[in-house]
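Could you build all of it, start to finish, from the sequences and the hints given here?
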Amino acid sequence: GAVVSQHPSWVICKSGTSVKIECRSLDFQATTMFWYRQFPKQSLMLMATSNEGSKATYEQGVEKDKFLINHASLTLSTLTVTSAHPEDSSFYICSAYLGDLGARQYGYTFGSGTRLTVV
Amino acid sequence: RKEVEQDPGPFNVPEGATVAFNCTYSNSASQSFFWYRQDCRKEPKLLMSVYSSGNEDGRFTAQLNRASQYISLLIRDSKLSDSATYLCVVNRGGGFKTIFGAGTRLFVKA
Numbered sequence: 001g002a003v004v005s006q007h008p009s010w011v012i013c014k015s016g017t018s019v020k021i022e023c024r025s026l027d028f029q030a031t032t033m034f035w036y037r038q039f040p041k042q043s044l045m046l047m048a049t050s051n052e053g054s055k056a057t058y059e060q061g062v063e064k065d066k067f068l069i070n071h072a073s074l075t076l077s078t079l080t081v082t083s084a085h086p087e088d089s090s091f092y093i094c095s096a097y098l099g100d101l102g103a104r105q106y107g108y109t110f111g112s113g114t115r116l117t118v119v
Numbered sequence: 120r121k122e123v124e125q126d127p128g129p130f131n132v133p134e135g136a137t138v139a140f141n142c143t144y145s146n147s148a149s150q151s152f153f154w155y156r157q158d159c160r161k162e163p164k165l166l167m168s169v170y171s172s173g174n175e176d177g178r179f180t181a182q183l184n185r186a187s188q189y190i191s192l193l194i195r196d197s198k199l200s201d202s203a204t205y206l207c208v209v210n211r212g213g214g215f216k217t218i219f220g221a222g223t224r225l226f227v228k229a
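First to last, the sequence lines map onto chains A and B.
Just so you know, my numbering puts 12 at position 12 of the first sequence, and the rest follows in order with no gaps.
Just so you know, my numbering puts 158 at position 39 of the second sequence, and the rest follows in order with no gaps.
Incorrect hints may have been included.
[What the hints assert, rightly or not] Heads up, simulated DSSO-like pairs for lysine-lysine below, C-alpha to C-alpha not over 27 angstroms straight-line: (1) A/Lys-55 x B/Lys-228; (2) A/Lys-20 x A/Lys-41; (3) A/Lys-55 x B/Lys-198; (4) A/Lys-41 x B/Lys-161; (5) A/Lys-64 x B/Lys-161; (6) B/Lys-216 x A/Lys-20; (7) A/Lys-66 x A/Lys-20; (8) A/Lys-14 x A/Lys-41; (9) B/Lys-161 x B/Lys-198; (10) B/Lys-121 x B/Lys-198; (11) A/Lys-66 x B/Lys-228; (12) A/Lys-64 x B/Lys-216; (13) B/Lys-161 x B/Lys-121; (14) B/Lys-164 x B/Lys-216; (15) A/Lys-20 x B/Lys-161; (16) A/Lys-14 x B/Lys-161; (17) B/Lys-198 x A/Lys-64; (18) A/Lys-64 x B/Lys-121; (19) A/Lys-14 x A/Lys-64; (20) A/Lys-14 x A/Lys-66; (21) B/Lys-228 x A/Lys-41; (22) B/Lys-198 x A/Lys-41; (23) A/Lys-66 x B/Lys-121; (24) A/Lys-66 x B/Lys-161.
Derived from the structure by calculation, the hints contain no laboratory data.
If you want it as structure tokens, here you go:
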């Protein structure tokens, strides 16, 4: 249980275009979703916290106008990279907080990630 | 200083060895602690939560020291399949935000 489906798995786009990444919680309601970015050989960096029905909270240094987050329902959160540039090429992962569902399910579940390459 | 710091890697150990990772966190209000495992180009997967009293899951033992603000992960009888990056994850405190350590690479060799 507690699966987050993330699409697409990988995408190549031209510089200047926009890319939308979707994360769906399949068997639970994700009130809060987190979006991370991971550059090669670096750790996951939290970009923003997405709460259903309200505006996302962005971490310092993350441009909210460039990384549009929408969490319109309890099962869907989207991240749109607008006017993508090569420096936006990265691995983007969403994560949903599961709360305390038992010792082995306490924590967060992650989408499978989206590898974005901007050329 | 980073909010969460981990042992630098990589750790290269033979099969059957015992290996320990440490992780320190700077926010004393941190409330929840986890170890995640991440394989190359894959999403992180929860390995285990870390409880105040320490906890064990098979070959894996996690410890928390609130006074010194560090957590540890001990892997006994290392297997080839344990080769991965181990991420220390700390709840920032007061909410659900989590901060990831940079990860420690582990290579277990035959």
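These are the hints, each one checked on the structure:
1. A/Lys-55 x B/Lys-228: 48 angstroms, violated
2. A/Lys-20 x A/Lys-41: 24 angstroms, holds
3. A/Lys-55 x B/Lys-198: 45 angstroms, violated
4. A/Lys-41 x B/Lys-161: This hinted pair holds, its Cα atoms lying about 13 angstroms apart.
5. A/Lys-64 x B/Lys-161: 26 angstroms, holds
6. B/Lys-216 x A/Lys-20: Between B/Lys-216 and A/Lys-20 the Cα gap is close to 23 angstroms, so the pair holds against 27 angstroms.
7. A/Lys-66 x A/Lys-20: 12 angstroms, holds
8. A/Lys-14 x A/Lys-41: 24 angstroms, holds
9. B/Lys-161 x B/Lys-198: It holds: about 19 angstroms lies between the C-alpha atoms, which stays within 27 angstroms.
10. B/Lys-121 x B/Lys-198: Roughly 31 angstroms between the alpha carbons, so the hint for B/Lys-121 and B/Lys-198 is violated.
11. A/Lys-66 x B/Lys-228: 44 angstroms, violated
12. A/Lys-64 x B/Lys-216: Holds, at about 18 angstroms.
13. B/Lys-161 x B/Lys-121: 24 angstroms, holds
14. B/Lys-164 x B/Lys-216: It holds: about 17 angstroms lies between the C-alpha atoms, which stays within 27 angstroms.
15. A/Lys-20 x B/Lys-161: Roughly 20 angstroms between the alpha carbons, so the hint for A/Lys-20 and B/Lys-161 holds.
16. A/Lys-14 x B/Lys-161: Holds: A/Lys-14 and B/Lys-161 sit about 24 angstroms apart, inside 27 angstroms.
17. B/Lys-198 x A/Lys-64: Violated, at about 43 angstroms.
18. A/Lys-64 x B/Lys-121: It holds: about 23 angstroms lies between the C-alpha atoms, which stays within 27 angstroms.
19. A/Lys-14 x A/Lys-64: Holds, at roughly 21 angstroms.
20. A/Lys-14 x A/Lys-66: 16 angstroms, holds
21. B/Lys-228 x A/Lys-41: 21 angstroms, holds
22. B/Lys-198 x A/Lys-41: 23 angstroms, holds
23. A/Lys-66 x B/Lys-121: 26 angstroms, holds
24. A/Lys-66 x B/Lys-161: 25 angstroms, holds
Comparing the model with each numbered hint stated earlier shows that hints 1, 3, 10, 11, 17 do not hold.
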